[in-house]
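Protein chains in written order, with the numbering used here: chain A, 1 to 445; chain B, 446 to 763; chain C, 764 to 1092.
No lab work stands behind these hints: they were computed from the structure. Careful, some of the hints might be misleading.
Stated by the list, open to error - Quick look at which bits of chain C chain A covers, simulated, 3 or more residues with Cβ under 8 Å:
| hint | segment |
| --- | --- |
| 1 | 818 to 831 |
| 2 | 840 to 847 |
| 3 | 868 to 877 |
| 4 | 881 to 889 |
To be verified - As a list, the in silico EDC-like pairs of lysine to aspartate or glutamate whose alpha-carbon atoms are at most 16 Å apart:
| hint | chain 1 | residue 1 | chain 2 | residue 2 |
| --- | --- | --- | --- | --- |
| 5 | B | Lys643 | C | Asp1027 |
| 6 | C | Lys1088 | C | Glu1077 |
| 7 | B | Lys617 | B | Glu488 |
| 8 | A | Lys87 | A | Asp207 |
| 9 | B | Lys617 | B | Asp648 |
| 10 | A | Lys407 | A | Glu59 |
| 11 | A | Lys330 | A | Asp272 |
| 12 | B | Lys711 | C | Glu960 |
| 13 | A | Lys76 | A | Glu42 |
| 14 | C | Lys1091 | C | Asp1067 |
| 15 | C | Lys1091 | C | Glu1075 |
| 16 | B | Lys643 | C | Glu1077 |
| 17 | A | Lys73 | A | Asp110 |
| 18 | B | Lys698 | B | Glu488 |
| 19 | C | Lys905 | C | Asp864 |
| 20 | A | Lys76 | A | Glu111 |
| 21 | A | Lys320 | A | Glu280 |
| 22 | B | Lys646 | C | Glu1075 |
| 23 | B | Lys646 | C | Asp1034 |
| 24 | B | Lys617 | B | Asp581 |
| 25 | C | Lys1088 | C | Glu1075 |
| 26 | B | Lys643 | C | Asp1036 |
| 27 | B | Lys711 | C | Asp1025 |
| 28 | B | Lys643 | C | Glu903 |
Quick caveat: nothing in here was measured; it's all calculated off a predicted structure. Quick reminder that beta carbons are idealized off the backbone N, C-alpha and C, glycines included.
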Amino acid sequence: MTALRAGLRQLRQYPSAIIGMTMVLILLGLSLVTVLTIPYSEAIRLWRGGAGVWDESPELARPTWFQLFSARKLPKTIIIDTRQGGKAMADQPDGTRLVNASLRFEFPYDELPSAVGLWLHATYKEAQPFVVLTWRKPNGEEIAFEERTPRQTDRYFVSRDERLRERLQARSIEEALFSAGPSGNGALLRGTYELAVEGILFEPDADLEARLVVYGKVHGIAGTDAQRRDLSVALLWGTPIALTFGLLAAVGTTIFSLMISAVGTWFGGRLDAIIQRLTEVNAMLPGLTLLVMIGMFYSRSLWVMLLAIILLNMFSLGIKTYRAIFLSLKEAPYIEAARTYGAGSFRIIFRYMIPRVIPMLIPAFVTAIPGFVFLEASLSILGLGDPDIPTWGKLLFDAYANEALFKGYYYWVLEPAALLMITGMSFAMSGFALDRMFNPRLRTA
Amino acid sequence: MNNGLLQVEELRLHYRTTQGVVQAVDGVTFSLAPRQALAVLGESGCGKSSLARAILRLLPRNVEVYDGCVRVNGLDVMPLDEEQFRRDVRWSKISIVMQAAMNALNPVLRVADQVSEPLLVHQGQQRDVALACVRDVFQMVGVPLDFMGRYAFELSGGMRQRVILAMALILKPPLVLLDEPTSALDVLTQANIMNVLKRLKRDTNTSFILITHDIATSSELADQVAVMYAGQLVEISDAGRFFREPLHPYSQKLMASVPRLRDDTKLAYIPGRPPSLIDLPRGCRFAPRCPQRFARCDQDPPMIRTEDGRQVRCWLYE
Amino acid sequence: MDPSTLLSVRNLHTWYELRQRAFGRAGYVRAVDGVTFDLAAGETIAVVGESGCGKSSLAKTILGLYRPRQGEIVFQGQPIHAANAATLRWYRRQVGFVQQDPYGALPPFMNVHRILAEPLIIHGIRKTQREERIREVLEEVKLVPMADFMTKYPHMLSGGQQQRVVIARAILLQPKLIVADEPVSMLDASVRVEILELLRNLQSAHRLAVIYITHDLSAVRHFSERIFVMYGGKIVEKGRVADLLRNPLHPYTRALLRAIPDADAANAETDRDVPPGEPPSLLHPPPGCRFHPRCPLVTPGLCDTQEPPEFEPEPLHLTLCWLYKDAKS
């Protein structure tokens, strides 16, 4: 314990170590908080998306803090629901009901919303209701949408209504709806908008609810992607996944390398020769290519990749370095003494040699972690990432597939890249400082 | 004793470490005449290796205090700057054979080339002239001439030590420091090397300072003996009287703990450990372990001259 | 075999194979080349020689660390040179090893308590007995107060204390024989006597046999009964301390004794008589007597062609030298 305390005191001398370790701790804290607040199954579910999950999220929206860089006020998503009020129902003597709902909202922004969508939820037994929709702009202009006969759930994606756009002769639905003039040729109108929903229900117990979503251009701390998914889910969850992956890969590779090297060096002879030849062959194998092949032909699951990476890196050239250390340790007087009082080979390897070497490993191990994190990211960017699990590499792949940089969605690329860089830097700085601590010859003080 | 080759006055060398300041050499004063050998005796951790480095200004980076006066042939060399010292003093006036130096030979140079290096660098001689000097020195130290073209790994330990000695003598310095020159060698090889040193002392104009913990071997060469304890010299005496009857209690116990081959004197050992050079006790540094301590020992004794010309740092001789 | 003989070594050869080139002929370093002696229970012998004479290899072969190429080692009637695993395991409890480098002999990442527990754990001693034995042993080597020392790590101890831990570890399993390879050469002069006396006390208290391997004859003569002088892989002279010092038989022994100084200022005035040359290569030893190239009393034609057998010019004082060819064999 005192060795640890002395070590930490030494570490404090290096500013790079303090910065590095703080960042590592922040990343660890972030991982912990993420795992606790968004359970794994929930994260997978969110990321898989599908019907209903991200419906109310804008597509390709920038992060909210982007507002700091823009002089114009960027619209946020506005949702108005008849369940919040504004609905009047009138029963008619002939058994029908009339519904009159007004969905009103304020629009104080300087830019058009990205899209408009409407959901109608009807409850009925047999006869579908009949709904008339009227859009009112602040300047009094009105636009009539098509009439609809909604089922249980009716999705009316106003922005994609081509017929409406042609009818209005507008460049885009948003322009037509939010600018002056019937085709929206005029200026953007700020003020109170209203969507009037008038419906006839043909059954006494039938009901109708409407939900209007005016999609903004900014969303959340990280923005959204082309599938409307909030990137913060992937960024947050990417952290524990990256760290776990990096850690497990580094641990697995290092421990196995160490054990293989120790056993080979101790027993010498044929075993040692075999291990050395395996190591040399492995050094010539193109690791990334093999991983790509495994990904393409076998499985893209993250855990299969992890196993493959450990297996391919076990016989790394590290074995040769450790071998040099073990060879000299083998002749150490205390090992000789252990043989004289009857210690068996495995006891010597695992209790006398390996504990001596572990402190030397720690810096190498810490510096190896980001390497594996980048490896996973590289595989994902090549399209071989796990399709279900949100990782930073996956984000980069999606961004690439959607031509994010060409289209100006820089945040989609920069955010995961920044996190990758921070991870790399923090572990590298910590690793270098640890290296100086454990290898006194590198010290400058 | 003052018309000497070397005069050291109040030499101090303290190192800065993470645990504190190590007062390795703490006010050492002695002098040495030409063609004389001084043995500096002490155990590990007493500062004797640091003394050698202090005299030759081979300092590490973490020096805290380095002062005092070192006079070579009357000239104080402490004020000289690094470049002057390197040119005028180091190796040409004072050279050193370090501990386990035989492992410090360059494995890719032939031994003759390595030994001639100081000649080429310091005196700008031509290679063939230099090699002639090397031949002379090799003969002096007893390295067969057909070894000149060999590499270090082809030589035995004893031979390598002679090569190192040759390198120290190549510029014919009047003073050679020897830091444990024979500690890693066998008895016979050790005797051989000591013979070489004896011959050099007799036949050339060289003085030696032999730093060692091996008291028996030191008697092979020493004209004068200085005993070092916890950074200070506690006794300086001529060899004859020292080996017969040492004055300082530490010297006495040290002599008593050295086993003798030729007689059966009862062996004794000194209980306790030498003090840490970082946390030195007040007063006499040997007092905690001294069987003859008394009240006065709470004060640090100065070097006291006895009537017969010996020096002891002990209140018993006041 | 005499029942009081603890260890019997006959014609022991320990050779190391040297693989020089893939297709070159392998040579052998003949570190121990025909050693024979008996050791009685409770006896102390010193094996003296210079580096490269094979004394460390002899020690390690006796300890069972190397397999001899030829010859026999019999300990209490059991053959050790060709022992099976069970016998070897039993043997490990009978012999303790004290090494030269006190710091190197202790695992730096284990504290004293753990270091001493290891041999006991390996041999299946139960926990309560272990603790008791560790306490006993620390008391015997005078590392007290025990509580202080048990939690310390090797780098916190002085050289002398480290060596005490090594000795404690060596006597843990109550061995009958201790092999000490240069036990004090890396310690300070004033500590050496302390440690050697400790070993002597332990030896008399437990009737231990001790084999001291050393090059420092001056120190060891006070602590052993017999001296073996080793040269070029062979024991060239064996005898009781007093006999050997009074009348060294072998020319090498004489040279060795002449070369060892005692602290005396008169030494500075005369040169020492030292035989020329170097110790022999163990890879290509000279023919005949190994010492003949450096021997001032060499008989050409005899010493350089035939290896001398063992002669006994005085009772219990033996030597491998043709000078004594008229003595009994």
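Which of the listed hints are not met by the structure?
2, 7, 13, 14, 16, 19, 22 and 28
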